[in-house]
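S.K.: Spelled out from the first residue to the last, the chains are:
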Amino acid sequence: MSAAHDDHHHGPAKGISRWLFTTNHKDIGSLYLWFSFAMFLLGGTFAMVIRAELFQPGLQLVEPNFFNQMTTMHGLIMVFGAVMPAFVGLANWMIPMMIGAPDMALPRMNNWSFWILPFAFAMLSSTLLMEGGAPNFGWTFYAPLSTTYAPASVTFFIFAVHIMGASSIMGSINIIATILNMRAPGMTLMKMPLFVWTWLITAYLLIAVMPVLAGVVTMMLFDIHFGTSFFNAAGGGDPVLFQHVFWFFGHPEVYIMILPAFGVVSAIIPTFARKRLFGYDSMVYATASIAFLSFIVWAHHMFTVGMPIAGELFFMYATMLIAVPTGVKVFNWVATMFRGSMTFETPMLFAIAFVVLFTMGGFTGLMLAITPADFQYHDTYFVVAHFHYVLVPGAVFSIMAATYYWLPKWTGYMYDERLGKLHFWLSFIGVNVLFFPQHFLGLAGMPRRIPDYALQFADFNWISSIGGFLFGASQLILLVVVIKCVKGGKKATAQVWEGAQGLEWTVESPAPYHTFTTPPDPKLIHAQ
Amino acid sequence: MASVGSHETYYVPEQTKLPFFASIGLVFTVYGLGGVLNDIKAAESATTSTWIALFGFGLLSFILFQWFSTVIRENHAGMNSDQLKRSYVWGMSWFIFSEVMFFAAFFGALYYVRNFAVPWLGGEGDKGITGQILWPEFVATWPVIENPSSAVFTNPEEALNVHEWSLAFFAKFLPFWNTIILITSSVTVHFAHTALKAENRKRLIQWLSVTVALGVVFLFLQVEEYIEAYEHYGLTLDSGIYGSTFFLLTGFHGFHVTLGTFILAVMLARAIKGHFKPNDHFGFEAASWYWHFVDVVWVGLFIFVYLV
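Protein chains in written order, with my numbering: chain Y, 1 to 528; chain R, 529 to 836.
In short, the hints are calculated from the structure, not lab data. Glycine included, each C-beta is placed from N, C-alpha and C at the ideal position. Take the hints with a grain of salt, since some may be wrong.
[As the list claims (entries may be wrong)] On the chain Y side, residues computed to face chain R include the following (Cβ under 7 Å):
1) A208
2) P239
3) L241
4) G250
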């Protein structure tokens, strides 16, 4: 990096134009992460409304129809607005630095992928103010609830899904092009950090299924406005067709939300165990296997819909197969920690909590995979508990772990460890108090998406709500930690963590605005 | 793995105003369109919504034009390294894959309807109980001419698929001619590509013009077929599942042919301007990939919508 290169080393532009017009992967990564956090608070607010209404039996705070709008918008915003953009933000920040690339492969398109999102979610959220209210048919928007019986705002919901899908596809194309085309010399595929591998496979899943989501909402649009009968049996269609197409998207989608989390945890655990990741190759193959299996298990979401028995059996066994590669991963994380010199900084705490609690969510997933048992669990709070365990202490905890882990690299300062630990413990306690009782509620028969319930469910519901409020409020600590860390603190070194390995730790903290405009020394690239 | 040299020159533009305004154009387009659809459904005036959509679409088109111009200008200025060009190649390939998956959703729907939904409604197979309870008189056929409930969805009078295997039938069968036209156009665009690589600009322009013309003829015949479907066969979007799958599959394909023809026309204009070099013409190549893709989708359509 001599003076001859100085003209390539412009800092960021001044003022708001830096953020509106940036092509820098770090700026765009930050935009994604802040946007995701804003959506996390918005979706979280909707969740608080739900938990407040469910605090005791009876209808006290909101109308049932508004309650349905809350569950719908909570799901949509958390899935498409909070979790997915957070991982894209991490990908933007970290992938170029991890593979020694100067930036993302297609920097202008990168900006476009981001800036579609705030507009898309503004449009989606504006439906709350429209006549007839926001979408109220659940985040899975099953027909005919979302077609024949939908509020008028469904049209805007459909178009919002279309454009956020376009954003996802462009973002994924960018990530794949970056990984396949921009690796520094010496960075072979099997030397890539696992986070890069998991994102490569996630991006592939996204490009494969987001167009299918676009297809299914397009069919809805035509059923609603142009008189087609895809989801109407009176014209020879089938509402179940909706579910098949939706879940063909939907199941890979849930892995889209968890594979990058696997990558994050696979980066953090070796650092704080001060050991290399156990079974790197098997991690790569396990990720690929999970991605493959994700395409052939979708109908396990529909066991009670009335499928031929052969279908029920096929989807049951295929689903159970997923436990094998997932088990490989959990085994490898535990084996990495085995006899390591472990320390328990905040990222590690979140990562360990991830391993334990995600595995619990995985086990309840196995229970749900058993077709005959699922007839009992289907559409109860047991399902809610299951997917919240894999998504909140799963995906969301990994995002928080990643934030604490790389925050010193992003800001140049160490975060407040005491506040970080407080955030972790309150979140950990909160999330379990919130979701664990929901298993019991579900097994006892409490249906999901209903604003009122029978009296025998009252105790577990108020416990769950208390946990919800605790978890919700503790997230503000994260905001405080991040703001404090951006403003200052103890200077971070380049390596930040004693056991950290990888190219991102060879550049100074904060990472310069442009990194690796010339490829790094191949000697810095080690086998994983 | 790229060579060390190409890494040093990867071009990262400092800033760009294009995508932010493209996003504004995009959101106005869809917000306006949504408004138009809802206004029509509520029998209200759609004037405001129409203007919003038009403004958005105008802005989006203008920005995209600027965007492509910028990229072309930069390429001519020699700012694009080989590595950057490979990024475009990856980008286009994966974009086409996403398009394949979009069509897969509709082909999948067609498969499900023909093999499961309609037979079950007709009382056949594993879930035939559906039909026995809902509409016992409904007889499963494909194409569905008598809808399960013809009170809700008006029956089409006739289907548009191949129902007679004779020369006389195919000679008057528009989709058959359209198949020939599209396959021919895939060949002509390949000839144009060969001419480009041989640095024969005159032949490039000739073959590309032929390709564009074939695209236009295809679209013309497609419109002709739609008019026939609506006026003579009573086959419309709202005439049940046969019309639904027929129009959405052929319609989205037709939309892609329109886009492809437009892209090839732009490439023709660029060829006339002398933009392409034998070793540097990815814009053209991407357009031709897109065209081949549209062609392959049509072959799938011809087989699954018209033949079987």
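S.K.: Taking the hints in turn, state whether each one holds.
M.R.: Taking the hints in turn, this is what the structure says about them:
no. : hint : verdict
1   : A208 : holds (5 Å)
2   : P239 : violated (10 Å)
3   : L241 : holds (5 Å)
4   : G250 : violated (13 Å)
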